[in-house]
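One line per chain: the protein sequences are A and B, in this order. Position in the first sequence counted from 1, then plus 19, gives you this note's numbering. Position in the second sequence counted from 1, then plus 2, gives you this note's numbering.
Because the hints were derived from the structure by calculation, they are not lab data. Hints may be right or wrong, so weigh each one.
Calculated pairs, DSBU-like style, for lysine-lysine (alpha carbon to alpha carbon, straight line, at most 35 Å) [what the hints assert, rightly or not]:
1. K61(B) x K77(B)
2. K91(B) x K74(B)
3. K21(A) x K77(B)
4. K61(B) x K74(B)
5. K91(B) x K77(B)
6. K21(A) x K74(B)
7. K61(B) x K84(B)
8. K84(B) x K21(A)
9. K84(B) x K74(B)
Quick caveat: nothing in here was measured; it's all calculated off a predicted structure.
As a plain string of letters, each chain reads:
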Amino acid sequence: MKPARLLTIAALLAPRARRAEWLDEWHSELWYVQERSARTDWEVLRFCLGAFVDAWWVRRAEPSDERWIGSPAFCLVVMLAVAAAAAVPFAKLVLHGGASTMIVNSRGFALNEGLILLSAFAVLLSLALLGQGRFIEESHLYNRWARLREGMFLAVKLLLAWSIVFCGTCDAAICFGAVAIRPHTAMVGHVLFFRWVMSDQRRRCPVCLRPLASVCQVGEASRTFLERYGSESGCARGHGVMFTPAVVTNYTATVWRDATIPDSPLSR
Amino acid sequence: MAQAEPKLTHTSALVLQVIHSGVVYGYTIMDTTGLPSGTVYPALRRLEQEGLIRSEWEKSTVAESEQRPQRKYYKLTPDGRKALAASQKRYPLLVRLVPARQSGV
Numbered sequence: 020m021k022p023a024r025l026l027t028i029a030a031l032l033a034p035r036a037r038r039a040e041w042l043d044e045w046h047s048e049l050w051y052v053q054e055r056s057a058r059t060d061w062e063v064l065r066f067c068l069g070a071f072v073d074a075w076w077v078r079r080a081e082p083s084d085e086r087w088i089g090s091p092a093f094c095l096v097v098m099l100a101v102a103a104a105a106a107v108p109f110a111k112l113v114l115h116g117g118a119s120t121m122i123v124n125s126r127g128f129a130l131n132e133g134l135i136l137l138s139a140f141a142v143l144l145s146l147a148l149l150g151q152g153r154f155i156e157e158s159h160l161y162n163r164w165a166r167l168r169e170g171m172f173l174a175v176k177l178l179l180a181w182s183i184v185f186c187g188t189c190d191a192a193i194c195f196g197a198v199a200i201r202p203h204t205a206m207v208g209h210v211l212f213f214r215w216v217m218s219d220q221r222r223r224c225p226v227c228l229r230p231l232a233s234v235c236q237v238g239e240a241s242r243t244f245l246e247r248y249g250s251e252s253g254c255a256r257g258h259g260v261m262f263t264p265a266v267v268t269n270y271t272a273t274v275w276r277d278a279t280i281p282d283s284p285l286s287r
Numbered sequence: 003m004a005q006a007e008p009k010l011t012h013t014s015a016l017v018l019q020v021i022h023s024g025v026v027y028g029y030t031i032m033d034t035t036g037l038p039s040g041t042v043y044p045a046l047r048r049l050e051q052e053g054l055i056r057s058e059w060e061k062s063t064v065a066e067s068e069q070r071p072q073r074k075y076y077k078l079t080p081d082g083r084k085a086l087a088a089s090q091k092r093y094p095l096l097v098r099l100v101p102a103r104q105s106g107v
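Construct the entire structure; sequences and hints are all you get.
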C-alpha cells in the first residue's frame with residue numbers, strides 16, 4: 020500500500036474538525052522522509068504507522084464534551100444492543116424447547132448460575148480486580164448525587180454484562196453442542212467481562228461519567244522515588260483530575276481531585 | 003502558593019531541547035532525536051496542548067519558491083523555556099545530547 024494512502028486511512032482516526040490540517044502536516048512530513056533521506060521502504064512504512072498512533076492520540080486528547088460516543092448513555096445503549104442480540108436466540112431456543120438439555124430443572128439451574136457468579140467474583144477478588152474502581156477523592160463535585168449516579172451506572176453495566184455472558188454462552192453451548200463446558204466458559208466470560216466493566220469505570224470521570232482524556236505520565240521511576248510517579252488524566256468538562264500511581268504501595272493511592280484545587284495540574 | 007515546576011518525561015524534555023536548539027519542524031526533530039514518528043508527533047501535540055511550545059505554518063510563498071511542501075514550525079513559549087531550564091537541571095546530559103544551536107534542515 021502507498022504511504023500516502025496509509026496516512027489517509029490513519030486520518031480517519033483523527034477528529035473531523037482537525038483532520039484536514041492533521042493530514043496536511045503528515046503529508047508534508049512524509050515528503051521530507053521520502054525526499055530528504057535515504058530511507059528504506061520499511062522505514063517509510065514505520066513512519067506512516069506512527070501516524071496511526073498520533074491520530075489516535077489526537078482523537079483521545081480531543082475534548083469529548085459534545086461527543087455522543089463518549090457518553091455513559093452510549094455505553095449502555097451499545098451493551099443493551101449486544102445483550103438483546105444474545106437474548107433473542109436464547110429466548111427462541113427456550114420457547115422451542117432447545118434449551119431443555121441445559122435446564123433440567125429451574126431451581127438447579129439457578130443454583131448453578133449463582134455458583135458460577137460466586138466463582139467469578141472470587142477470581143476477581145483474588146486478582147484484586149474488584150478494587151480497581153476505588154480512589155480517594157478530594158472533590159466537592161463528587162457529591163452524594165454523583166456517587167449514586169456512578170453506582171447506578173456500574174450496577175446497570177454489571178447487569179448487562181451478566182446477561183450478555185449468560186445468554187451468549189447458552190446460545191453457543193446449544194449451537195455447538197457443548198453444554199457440558201458451558202459453566203466453564205460462562206465463568207471465564209464473567210471474569211473477563213466484569214474486569215472490563217471495572218476498568219471502564221476507572222477510565223471515566225466519576226462526576227459526568229465520560230471517558231477521561233489527556234492521559235500523561237508524571238515523574239519517572241528512577242528519579243522520583245517517594246515522589247509522584249504514575250499517570251494523570253483529566254475530565255474534558257473540567258470536573259477534575261485522576262492520578263493513578265504506577266506502583267501501588269501503602270503510601271500511594273489513586274486520587275480524584277477537583278480541577279480547582281491550586282496544586283491540581285488542570286488549575287495551573 | 004508557589005507553582006510547582008512542571009515535570010516532563012525525558013522524551014518531552016529531549017523534544018523541547020531540540021526545538022530550543024533551532025531544529026524546528028517534525029521531520030528534523032525525529033531525525034535529530036532518533037525517536038520514532040509515533041513518539042515525536044504525540045509528544046509535540048502534548049507539549050503544545052500544555053502551552054510549552056506553539057506551532058505555526060510557514061508562508062506558502064516560501065515553500066513554493068523552494069519547491070517543497072509547507073512546513074509546520076515549532077517554537078518554545080516562555081513557559082516552555084522555563085520548563086526546559088527545569089528539565090536541564092533534572093537531566094544534566096540533555097544539553098550534551100543536543101549541544102549546539104543547529105539550523106533547520
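Against the structure, the hints:
Taking the CA atoms of K61(B) and K77(B), the gap is about 16 Å. The hint holds against a cut of 35 Å. Between K91(B) and K74(B) the CA atoms are separated by roughly 29 Å; this keeps the pair inside 35 Å, and the hint holds. Between K21(A) and K77(B) the CA atoms are separated by roughly 32 Å; this keeps the pair inside 35 Å, and the hint holds. Proximity of K61(B) to K74(B) is assessed by CA-CA distance (about 10 Å); at most 35 Å being required, the pair is judged to hold.
Between K91(B) and K77(B) the alpha-carbon distance is near 21 Å, which keeps this suggested pair within the 35 Å criterion. Between K21(A) and K74(B) the CA atoms are separated by roughly 23 Å; this keeps the pair inside 35 Å, and the hint holds. A C-alpha spacing of about 29 Å is found between K61(B) and K84(B), which places the hinted pair at or below 35 Å, so the restraint holds. At most 35 Å may separate the alpha-carbon atoms for a hinted pair to count; K84(B) and K21(A) exceed this at roughly 42 Å.
About 23 Å separates the Cα atoms of K84(B) and K74(B), which keeps this hinted pair within 35 Å; it holds.
Violated hints amount to a single one, hint 8; each of the other numbered hints is respected by the structure.
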